[in-house]
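Protein chains: 4
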Amino acid sequence: MGGMALTGNKAVVYKGKGTVAVEDIGYPELILRDGPGVPKANVNRKCEHGVILKVITTNICGSDQHMVRGRTTAPEGLVLGHEITGEVIETGRDVEFIKKGDIVSVPFNIACGRCVMCKTQKTHVCLNVNPDRPGSAYGYVDMGGWVGGQSEYVMVPYADFQLLVFPDKEQALEKILDLTMLSDIFPTGFHGAYTAGVQTGSTVYIAGAGPVGLAAAHSAQLLGASTVIVGDLNEDRLAQARSFGCETVNVQKHDRLGEQIEQILGEPTVDAAVDCVGFEASGHGNQGEAPAAVLNSIMDVTQVGGSLGIPGLYVTEDPGAKDADAKTGSLKIRFGLGWAKAHTFVTGQTPAMTYNRNLMKAILSGRAQIAKAVNATVISLDDAPKGYSDFDKGAAKKFVIDPHGTLK
Amino acid sequence: MGGMALTGNKAVVYKGKGTVAVEDIGYPELILRDGPGVPKANVNRKCEHGVILKVITTNICGSDQHMVRGRTTAPEGLVLGHEITGEVIETGRDVEFIKKGDIVSVPFNIACGRCVMCKTQKTHVCLNVNPDRPGSAYGYVDMGGWVGGQSEYVMVPYADFQLLVFPDKEQALEKILDLTMLSDIFPTGFHGAYTAGVQTGSTVYIAGAGPVGLAAAHSAQLLGASTVIVGDLNEDRLAQARSFGCETVNVQKHDRLGEQIEQILGEPTVDAAVDCVGFEASGHGNQGEAPAAVLNSIMDVTQVGGSLGIPGLYVTEDPGAKDADAKTGSLKIRFGLGWAKAHTFVTGQTPAMTYNRNLMKAILSGRAQIAKAVNATVISLDDAPKGYSDFDKGAAKKFVIDPHGTLK
Amino acid sequence: MGGMALTGNKAVVYKGKGTVAVEDIGYPELILRDGPGVPKANVNRKCEHGVILKVITTNICGSDQHMVRGRTTAPEGLVLGHEITGEVIETGRDVEFIKKGDIVSVPFNIACGRCVMCKTQKTHVCLNVNPDRPGSAYGYVDMGGWVGGQSEYVMVPYADFQLLVFPDKEQALEKILDLTMLSDIFPTGFHGAYTAGVQTGSTVYIAGAGPVGLAAAHSAQLLGASTVIVGDLNEDRLAQARSFGCETVNVQKHDRLGEQIEQILGEPTVDAAVDCVGFEASGHGNQGEAPAAVLNSIMDVTQVGGSLGIPGLYVTEDPGAKDADAKTGSLKIRFGLGWAKAHTFVTGQTPAMTYNRNLMKAILSGRAQIAKAVNATVISLDDAPKGYSDFDKGAAKKFVIDPHGTLK
Amino acid sequence: MGGMALTGNKAVVYKGKGTVAVEDIGYPELILRDGPGVPKANVNRKCEHGVILKVITTNICGSDQHMVRGRTTAPEGLVLGHEITGEVIETGRDVEFIKKGDIVSVPFNIACGRCVMCKTQKTHVCLNVNPDRPGSAYGYVDMGGWVGGQSEYVMVPYADFQLLVFPDKEQALEKILDLTMLSDIFPTGFHGAYTAGVQTGSTVYIAGAGPVGLAAAHSAQLLGASTVIVGDLNEDRLAQARSFGCETVNVQKHDRLGEQIEQILGEPTVDAAVDCVGFEASGHGNQGEAPAAVLNSIMDVTQVGGSLGIPGLYVTEDPGAKDADAKTGSLKIRFGLGWAKAHTFVTGQTPAMTYNRNLMKAILSGRAQIAKAVNATVISLDDAPKGYSDFDKGAAKKFVIDPHGTLK
Ligand SMILES: [Zn+2]
Ligand SMILES: [Zn+2]
Ligand SMILES: [Zn+2]
Ligand SMILES: [Zn+2]
Ligand SMILES: [Zn+2]
Ligand SMILES: [Zn+2]
Ligand SMILES: [Zn+2]
Ligand SMILES: [Zn+2]
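These protein sequence lines are chains Y, C, L and B, in that order.
When the letters of the first sequence are read in order and numbered with the numbering used here, they come out as residues 137 to 544.
When the letters of the second sequence are read in order and numbered with the numbering used here, they come out as residues 137 to 544.
When the letters of the third sequence are read in order and numbered with the numbering used here, they come out as residues 137 to 544.
When the letters of the fourth sequence are read in order and numbered with the numbering used here, they come out as residues 137 to 544.
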């Protein structure tokens, strides 16, 4: 262990709008030290309930892009990365059940396991890990200042509660490109489909063919959907959606989503719809950014009495928005339409821990093929900046960083 | 029966913005004849599955006011009234279980009992009763043209499916002021509280102290709420809320609802909130009409992970709105705030049939005291215009029309 | 129509223990006439809400066998058959939405659509169709006396409420061997898996590899199960289960089901279990009939806190039982074990209408392959007696009678 | 701290069939030492996540009686008591959120907060606290050997996860006789009523008027039941049930429970029923002990499609039973009847943590009056043996031990 402390720790660091770099941030300790974005109340927080992981895989996420594009107040120097899978190499003195050598998935939303929200499975709004507001994540602006995991080593607090242990090490490494999606996008997509009420036989529309949209589409299949239609304006991503059995529509090529759906289903409505785009939406046809465009269109095409799953991010502040209202997270929504159709809107982060164990079992049995669905693509830690850049350009890939070359 | 057909049938008729009158509309038949607001496809629709009711009570509703204020496209000549309780005096040939002499409550949302929505308890969006869109009601603009029931006699279709029969006639007449609320506001208020997730011990905020708000408040009590706080700007209505054990806040007297709540609960948030106001909301303090004001404020005060019950009406078109967006039912909503708090928004009409039987049982046992909660006030049919006028001025009363003088 | 009345109507008739015969029973009317097993209160019940179907397919069921084996008080002359798919050729005067020419599936549990149970989707315990007790079925002892549908023509009451219309006739005939399972075994198996709590990732044990067990196994797959294990003592049926991806155990070859499961899963418990056998169970190893054997064994292997789906039939009277208690439907159950494990036991018939529409959509999209799973095997009406006999001998087939030679 | 260790610790100790005594057991440590009934694997288990409580109140429970009556294999020397409320006077080094001075309720089922069951709110079947089987409790046979809390001081492990902190100390002491019921019988009774499906308007039958039955009855009221009927054969306990608004039936005075119910409700069935008796049931009329008597009778009177809440204890072994089957926890149940009525049976301990916070809020607001409902009666620790004896004789009281004379 002492030897470990001498080890360096390369990590992906946000260097200001449009730039990330790989730098040495020092080997982690079982304590949250001061640093970029760490709230005062979290500085020097002891984490004897935590563990140090040797990171096996850590993925680049659309919400990382959101910071890197400069649309948030993320401070320079922030270490990025909230999608972490790793091997336990050190455990705090209070850790009772997690053992060194365990291969584990880390839920991206940090949760204490002691507050009323955690006790009722609402780990996405844990009250004890972020002094500024409920809810937290690694390497993310305004999320408690926990150090990100696009790195070689990372500290994870509340390990006994949070970590999902894979039952067999060898099997885990074989399926690692699927299992790495358990930290965020698989539970996020599943939450979207599940809260939209997808069930056996449902017809489903998924707005957005990025990794979360593709994960939602595959989740809808697992939930028994009869037909899954994915909409986007990126043809490569739509092709990716078709590769695992989805129907697709290019929303840029038509003004009326309902008509596009009718061409596929014979009727202009679906049983359930999922918004995997969020506030950075573009309008149908060629309207440029239109933050409520997806919300309004899914109300239009979802059957009366239906639910709308909304895992796509909507922000409380959007300093980069063109629209004055949107800057404060206020959107023009056709709420009257939703009300007339008696829709239910389910918003917010996924409580990843609610779903990750079941999804792991679906992966290990071969039932779920999430890596294939999202086109998991391995890159080295040094290539992370290029991964960010390619993803930003719309590559139909989910980049998985392999910091130690484990997957070669 | 033949004699009945010679009987007149006085009813409340909409005569243009601001005016209602009591007129003879003719004794009903088991057929929907042409008339103001009847869609072509519904003209001459046969209703052998229907019954004729002698109306015992029929209530004036806030949504009636909405039409009378001229904020809709309701046609002159529309017969008003969707809150109907009566005695069956004639049954169509296809009626098998409902009998003459039955005292019944009529759910305000008309439902066929044969479509996929009705089969799954979503009677508020029945597909077969309104050719223009799912969902229907008696005496209401754009709701299928079914003749209203603020009258002496009324026809109710699909009687075997729709009607709630009271088990004992004498008992029913004793409790009639409670039972008359089963046609709309009690199930509507209950739906709001129920879908907001109110359960044993919950702290609850109800926006609006009109009849629906008071019904939601009493429903929250029935659901076991520990504290129910009602907000409004009408002091009489707030006093009414206090009369059955609610706490109250006058939202006009303070800019910050959270602080008002904190003075009562010791914390600025509640477990559950219900919007019983809808699009005709006023802002906090003195901001005039502000259609998203209530929605935004309940997001503010509802705990993370909570649900918002939204039985208050939001419309797809509001020709009378000041705001250009609001005219098309588009509202500026702080959706980013709701998303960050992982709120669920449950909108739309109540499926009255889902709740009315259980609420009837609660009334008949004395468990529920809804008439007292909403201050049920009996008036004659001839006094209905005055009732509309008083209610519009903010009377803290729920007016119950007694067309045959049954309740004297 | 008049011509139809001259048509004969061949049907499968119970002729006493061990015997069925094909006889002409006369063309059906829109009325329930007196006959074997018709309760007095149902004699001459008018069914203007009904339709006459030309039967396209009608399946032989394990519960038919149960009568034919002579273990019930079924009267001689009873017309058998409750699994019916057909074409509407005549409609009663009260039928509004079902049309001649519609191809439809008939839910085996007859339901009125007007009682409190039907209104809350509990069509399996409809209060209005069987004067003797809640719940009803075609061609079944003590189930209201409704004439069975293993025939050329059959009358179905409450058609607007009950019938599931296939959207396209040609498509329906192509998938008819799948769609015919919607009348009973697919919703029955699905109910078992669903109420056992099967969800994405679940490990599942299905007791019984007859048609209902196989349908439950396929349903578990649709619900996202990671591994489905089917247990039986008939090797042909187990082979059938393996043919669509299930694991299997022969319960006769081992005393401890848990050990058999451990060999497959690495642990002796499953997340969910379904009893598709019921009271005619045999014990593990070679214990002969043991009516609680399956119940006790699924308690043994289901994880703590889990649910047990129990679609397998348990009877209130079993005159043919060896055990005096079992004769009155009283079983020796290790209830203390279930209690200590905090199990939930979900019993009873499926409410077929709750599931059949969604399952139809899963079939029509190709998502569900139920005919293949249960090895649907077409026979003529004249061959029905042989079908009964083969099925009784344990053939790993689901026999589908084709009374008009439609499927050739 | 050091001073404390010199303090003695008087406790109620099981001394063999029929006898308990108050003895000094020594001041607790943050470790589970060897002792009567401690499984080898739990000996010397470190509990740095635990706290030491000064016990404010600790109640005598029916399940304690069960051991004292000698119907279990409880070892002599076992320290009794699983219903504990106290003040935190010492915290382990790993405790982060619980503070010295907190007044807390201890859920009777011990739970780690780290296993898959605890993470999904199934704390009643925690996998990590009892090496012998899932589920655990203080002072109870075969439940992990944790030292009971009918004592002056007690150690509680996993404090951050388990303890329910009362928000205000002074208020807590005022309501302490209500709050003390949160450790077991209030959540237990509530679980029974909740899982029986009690909702607004329900008619409910509660079998058993002991403390759990009375708690279930009051819970049914909180859940909105229209009528609550309590059955027992002890007239004092029935009088207690009537004291807070329940109807009652003496099941010894009649052979047919349905007829007794019909006299109250006008129909022989209820919407929901709860078994608060368990395996020590007596038959109706004068049949002596009949372990399935209550189960069979609630099937008889519960409506079709209903649920049966079964918090009453059924054991896997009952060495004291007369019946050979009952000795192994096997009961003769009319399962066929339940199946025909499509009943759901919900068994097992309550997950107390799922309910205790909401019930606390209902108590603190004055909404719930549980102490009055169960007739809470304070006794000193020295009087505990007399309390056991009185309770065993059927006193209509819930005995609350006050070890430090706090409540004088
Ligand atoms: Zn992510
Ligand atoms: Zn937390
Ligand atoms: Zn109304
Ligand atoms: Zn309908
Ligand atoms: Zn069948
Ligand atoms: Zn029915
Ligand atoms: Zn207890
Ligand atoms: Zn645990």
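Among the hints, a few may not be true.
The list makes no distinction among identical chains, and a pair is therefore deemed to hold if it is satisfied within one copy or across any two copies.
[Stated by the list, open to error] EDC-like mimics (lysine to aspartate or glutamate), calculated; alpha carbons at most 20 Å apart, straight line: (1) K305 to E403; (2) K176 to E232; (3) K463 to D436; (4) K463 to E310; (5) K463 to E184; (6) K529 to D461; (7) K182 to E165.
None of these hints come from the bench; they were simulated from the model.
Results of checking the hints against the structure:
1. K305 to E403: between (48 Å within a copy, 17 Å between copies)
2. K176 to E232: between (29 Å within a copy, 18 Å between copies)
3. K463 to D436: between (25 Å within a copy, 18 Å between copies)
4. K463 to E310: For K463 and E310, neither the intra-copy (45 Å) nor the inter-copy (50 Å) Cα distance is at most 20 Å.
5. K463 to E184: neither (40 Å within a copy, 48 Å between copies)
6. K529 to D461: Close neither inside one copy (27 Å) nor across copies (34 Å); limit 20 Å.
7. K182 to E165: within (9 Å within a copy, 25 Å between copies)
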